[in-house]
Structure formats: C-alpha cells, structure tokens
Amino acid sequence: MPNSPSLIVDHLSIRYPGSGSNEAALHDVSLRIDADNLVVALGPSGCGKTSLLNAIAGFVTPTFGRITLGDRDIDGPGAERGVVFQDDALLPWLNVLDNVAFGLKLRGAPKHEREARARAVLAQVDLAGFEQHRVWELSGGMRQRVGLARALAADPQVLLMDEPFGALDAFTREQMQELLLRLWQQTGKRVLLITHDIEEAVFLATDLVLMSPRPGRIVERLSLHFGRRYAAGEPARSIKSDPQFIETREHVLRRVFANRSVSAGS
Amino acid sequence: MTTSELSLDEAIFTPPEPAPHQVVTPTAKPTTTLRISLATLGVLLALWWAITTAGLIQPLFLPSPQAVLAKLWLTATKGYMDATLWQHLGASLFRIVTALLAAVLFAVPVGLAIGLSRKARGVLDPLIEFYRPIPPLAYLPLIVIWFGIGELSKILLIYLAIFAPIAISTATGVRNVDPSRVRAAQSLGASRWQLIAQVVLPSALPDILTGIRIGLGAGWSTLVAAELVAATRGLGFMVQSAAQFLVTDVVVLGIVVIALIAFTLELGLRALQRRLVPWQGQMH
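From first to last, the protein sequence lines stand for chains A and B.
Read in order, the letters of the first sequence correspond to residues 7 to 272 in my numbering.
Read in order, the letters of the second sequence correspond to residues 11 to 294 in my numbering.
For reference, chain B alone in the conformation it holds in the complex:
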C-alpha cells in the first residue's frame, strides 16, 4: 500500500511529458529486463556449480562448470578429435556462412519473383511450401545419395533450411509494399525496373532482414544434422563424437559454444537491422 501511494505521489510531482509520442519509458525498460536476465543466468550458473561441487550428480551426467572451463582451455590449445576448438568452429562457420550467402543470393530474387508475378508464384510457392515443413534429417539421406558425403551435401542441407524463410519473407515484404509509394514513383515516371530496384526492394528490406534472422536460426539448428555426414571437423561433429565416448564435458562445452555463436549472430543481425532500416516502426 505504502509503495503504491509513494509512486502515486511521485507521479503527481513529476512534471508532465511535453511530447506524448516521445515517451521515454521504453529506453528505461530494456536495462531492467537485461538485469533480470543476467540475474537468472547467474543463479543458474551458481546452482550448477553448487550441485556438481557438492557431488550430488556424477560428472558423467553433468560435469562441473570448472571442468567445462578446463576442457575449453584444453580443446582450444590441444584440440579434440585431431582438431582444436577453433578449427571445429571455423569448419562450422565456413559451412553456415557459405550456405547463408548462397541462400541470400538465390532466395531474394525468388521471393521477389513470387511477390511480383502471379506465374512465378504459381510455380515456386508450392515447391517451397512442399519441402519447408519436412525436417532436414528426413531428406538428409536423399541428399547424401544424390550429392555424396562431401562438403557440398553439408552446405546444401543448411542452405535449404535458410532458403525457405528468406524467400517467404521477401515475398511477403514485396506484397506488402505501400501501394501509394509505388504509385508515387510511377507518377514520377519510374520504369518497371526502376520501380523494383528503387522502391519495391528497399521497401521489402525490413522483411528480408527478418527472413535472414529466422533463416540463420534454422540453418544453425540444422548444423548438427549436417555434420552427421562423414564430417571430421565442426562443432556438431565434436559434440556427437564426444557423446559416443561419453566425454560429457566436451558435449556441454560444444553446446555452450554453439549457443554463444548463435546468440552473437542474432545480436549482429539485429544491429545490422537497426543500421540498415532505422525507419522500421517509425513510419505511420
């Protein structure tokens, strides 16, 4: 009761905001959310440490945080399965970045075509919708039969996972372009190609970037499946082979590294989104 009365008094004595559409609270909110998230993480770590150090769980099932850290040092310097952590990481990043670049290169034009042309939509939409809901592990054998067990199959699997979200978001973005923007450009004399390059594509950019974010998440989660195929390097391979030999600390280490990389990529893409499309959410 007293706290609510107190905050009420504060509200009365605080001078009113001059501009109602520039409310400042949203900037204050994320920091408190961040603090809560960090606290949650800290509690979890402490719990992990306490349980394992007290010997409540055998290291075979859950190694202690110290053990995982020690393993991090060991794999980073000496390596695991004939490759250091950095080489595993490099192999995985190479696969996902190659797949991502290829997907952006092909999925954006495909999405553009689907959004712009009824015919292209009729041809391409069912194809994408057909393979999109299939789990990658289900069509992995087919890819291996067709393309062998080399690097191509691994990258192709990740590529397919990234392709669909980007193509679909691009098509959505293209279809949602403000019609009066298109008309404005037409009445300034824009040709069809000028319209696509200078109005439609930039208008769809926020959706394309969202598609890349979703696609990258899907691609990253396909990584482990891709590295089931005769890999000798890669984070997914490292985790799997460690699991086979019950080296639990390497498994945990691999999972943590995969999570951290995915998180970093997501943050990077969000920053890119803020930089490239700062008007998102600011118009109308």
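Bound-form chain A, shown alone:
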C-alpha cells in the first residue's frame, strides 16, 4: 500500500536520566505496525509499554534505536500520529464539537469545514446530538469517545491509545472495545493500544505483544484473529465464549504470571 507506510520500531531502548536504577525502561524492542493492523502491547506496570507509546508519539526521545513512519524518522510529536489518553485530556473551555475540531483548527482549516468533519466523526463514535454539550458534563465513557473522535478527526496514519479504557467500568469498557473494532474496520487505521487487561488484549489484537518489566522488553508475540472476527460480524459474546478464545486468554495469563514470578524471584 503506497499511501500507508509502515511504522517501524527498530531496536529501541529508553533509559531515563536520573532514575536511580541502571536498568532501562525499555530494552531492545523491535516492532512493526503494518496497515490494517491492531497491535496491542500487554504487560504489568513497569514493563515499558507506556514508554514505548510515548516514544512512538514523540513525547520521549529514544536512547538507542530509531522509529520510522514510512521513510521519515520520528523526532517529536506530530499530527500523523494521533494519541488517545487514559484521562481524556479534553479542553474543558471548548464544547464537544470544538474539542473534536481542535486539531483541524490548529491546522488552520476553515470553520465550516472543520465543523462538518467533527460532526461526521462524532456520528461515527455514536455521539451525534452532543455537539454543543460541555465536556465536563459527560460521563467517563462519553468523554473517552470524544477523545477518540478528536484523534480520528485529524485523520492520523497511526492511532496510539494509552490504556484508553482503563478508567472505565466493565460494562462501558466492553462497549468501547466493540466501538473501537467497528471504527478500526470502517477507517482502516492502524492502531497501537496499550493495556494491562488480558481479555481486552486478546479480544482486540491482530498482533499481541507481551511485555515484561526489568528491563522492559517483549517476551512473546501472538497473531490473533478474534478482533477481525468481531469486525466481520460475529457477536462479541460468541467470540468470548469460544474455547479457542478462552484457551488463548489462559495461555496469555500463564505467560504474564510466569514472567512476573521469574522477575520477582530474581
């Protein structure tokens, strides 16, 4: 695909200056996000998954290695990599519509154009009719959808999601996962999602990357298809009760705990 270059993380290491330990936050991580992929990085806290996302977003500079999108090196934040945060990070002085149109406004798009685009994206995340609402009056799930819409409205090449559903209740979280899969299907965006929720990771990922702490590294990669099955129309409940899904989930669970007890014992 010529117009959708791959995002490549090449032997990335991150060491934070002044952090007492000499262990890297992230050690020798390589990763590739191709078109149409939904990559999920899963791991306990301290495994460097957020550092990985921050490096790709351009918020932190790699100590070693490089990150490229197509033929361009990443050396700072940019609009071609949209980010969705765990806390919605919305701007409370703007209403829902203006929050979603914010990226287009920064780019200098004319008012009618950016508002039309924002309305369309809000409809995609099932928030049509909420354009004039104040963001602090919305529920957590709705705010997270506004955050997702804001990232999508800027039409990024990659969508980076930092534990986006971590603060939501279980019911809302499932709705949001299904919404994300529908949006992924509709827009064909490649996605990198960070989570510590095993079921979420197994359900969403086309590529699951298992990470482990001290130092933060990738310990296993799995190619999965449950997200694609949902996108193809199979109900979530039937996927999640499929023995294959349960088996994968238990396998991942065992791997996470195996790595945890090894690193705790060392």
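Treat the hints with caution; some may be incorrect.
Incomplete in silico selection of chain A near chain B, CB under 7 Å [said to hold, decoys possible]:
#	residue
1	Ala85
2	Val89
3	Asp93
4	Trp99
5	Gly109
6	Trp142
7	Gly146
Across the chosen pairs, the derived CB separations fall in these ranges [as the list claims (entries may be wrong)]:
#	chain 1	residue 1	chain 2	residue 2	range
8	A	Trp142	B	Glu139	53 to 61 Å
9	A	His118	B	Ala112	38 to 46 Å
10	A	Ser229	B	Ala207	41 to 49 Å
Non-contacting residues of chain A with respect to chain B, defined by C-beta distances greater than 12 Å in every case (computed) [stated by the list, open to error]:
#	residue
11	Asn60
12	Pro83
13	Gly84
14	Gly88
15	Gln92
16	Asp94
17	Asn105
18	Arg113
19	Gly153
20	Val225
Hint data in this document are derived by calculation from the structure and do not stem from the laboratory.
Ideal placement from N, C-alpha and C gives every residue a C-beta, glycine not left out.
On the provided structure of chain A, position chain B as indicated by the hints.
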C-alpha cells in the same frame, strides 16, 4: 435524643438519591450559612445601636449608627474636605482600577514566562520574592523620592501590591497544566505559540483569576497607605484627615464604605470566575 431519632426516621423514609455524585446538600447549605451571617450582622448592628443610644460610650469614641447614616447623607450631598463622598470614592476607584489593569497587563505575561522558561524564572522569581513580603509602607518613601507625590506614586504603590499575587498565581497555574492536555495538543500538531495561547493560558485561567482576587484584596488594603501621599481626594485620605480632626463619624463611615466596596469587588470577581471557568472543580 428525640430530635436525633426524628431525623433518623426522616432519613429512613426519604427515598435514596439516585446519583451519589450529585448530592444536593451543598446547594441547601449556603443559604443557611447566609442566614446565620445576616443574623450575626443584625445582632452586631443592634448592639452598636443599643450601646450608643444608651449613652454608654461617648460619640467621640463610637458614634451611633444614626449619626453615621446622617453623615453619609451629608458627605454624599455636601461633601467632606472639599469633595463629596462620590468624588472621594471615584478617586480611589480610579487608582485601584488603573493599578489593577496595569498589573494584569504586565503580571500575566511575567507569570507565563516564569512558568514556561527556566531562565525567566531564574531572573524574575527572586525579584518578586524579594519585594513581595515588604510592607508597602516601608518602600513608600522610596517611591515618593523617585516618582514624586503625584498620582503616579499612588497608583504605583497599589500596582506593586497587586502585581506579585497575579504573577505568582499565573506561574503556578502554568506549571500545573495537565501534561496530557499539552501532549494531546502536541500530537494534534500544535506549534509552541498555539500551545501557549490555546492550551496553557486557558488552563491557567482559574489560577489567574484567583490571583486577581488575592491581588485586589492586597491592593485595596494598600489604598490608605497610598493616599497618605499628598492626596486631596480618596476614601483613605478622607478617613485619615477625619481622624486628625477627631470627626469619628466620618472615620466610621469611610471604613464602612471601604469594606462595602471591597466586598462588592470580591463578589463580582467570584461571579466572573463562575462565568469564565465554570469547569473549575468539575473535572476529575
């Protein structure tokens, strides 16, 4: 005992609130507080009236409320020290509003610079922290030596009192901007200036408004000191010259007017805060 049992019964028979985060009691509370405050004020006034009318205190030390009211009418229509109450009030308000506008104009950019740049902080922070704790009366003579006894010195003194709180609150507000808000804007392609104008400054607005409230309080209390300097008009001047001639009712009148104006300004700023930053205390 019976009352507590009664309220317990009420609690049992009241249907439970559907949304626990939308508890309604805070709206009921301020009205009761207001009622208590008004009652306190009423009792105080009554006490004042009773003591002075009974002749327990000489009018030279504490004039009666009626006398002060009569004086209010007299100063409002005929004036005191060649100016009516309104002219005194106008002179004071002009000084404080000019000082306030100048302080906002300069202190907000200074606070912004302190919050954003390490260098600016290194230069400006010690300067502000050096003069801030000095009582204005202490550096008033220096200001008079440098800038004379005109209107400039008076406004400058008030300006200095307002400047520091606004600059410091702005810097605090800027430093406390939610980092993920900044990152969100950066990943939407914001330039440095867009970031400052469209994310940092609006995020710091609640703190800036708090700084203005504190600054205005400090400025208002510096007013009397400022009007020590060869003033011919102003509420502070009115009170001082009345004190020199032992016209106690004018002194009391002046104090009451100063208090009322300060209270009105504070209420106005609170209303402005609710209007400009209605999200304050609503997020997270």
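Cross-check of the supplied hints:
no.: 1; hint: Ala85; result: holds, 3 Å
no.: 2; hint: Val89; result: holds, 4 Å
no.: 3; hint: Asp93; result: holds, 6 Å
no.: 4; hint: Trp99; result: holds, 5 Å
no.: 5; hint: Gly109; result: holds, 4 Å
no.: 6; hint: Trp142; result: holds, 4 Å
no.: 7; hint: Gly146; result: violated, 10 Å
no.: 8; hint: Trp142(A) <-> Glu139(B): 53 to 61 Å; result: violated, 35 Å
no.: 9; hint: His118(A) <-> Ala112(B): 38 to 46 Å; result: holds, 40 Å
no.: 10; hint: Ser229(A) <-> Ala207(B): 41 to 49 Å; result: holds, 46 Å
no.: 11; hint: Asn60; result: violated, 8 Å
no.: 12; hint: Pro83; result: violated, 4 Å
no.: 13; hint: Gly84; result: violated, 6 Å
no.: 14; hint: Gly88; result: violated, 6 Å
no.: 15; hint: Gln92; result: violated, 8 Å
no.: 16; hint: Asp94; result: violated, 9 Å
no.: 17; hint: Asn105; result: violated, 10 Å
no.: 18; hint: Arg113; result: violated, 6 Å
no.: 19; hint: Gly153; result: violated, 8 Å
no.: 20; hint: Val225; result: holds, 28 Å
Checked against the numbered hints given earlier, the structure breaks hints 7, 8, 11, 12, 13, 14, 15, 16, 17, 18 and 19 and satisfies all the rest.
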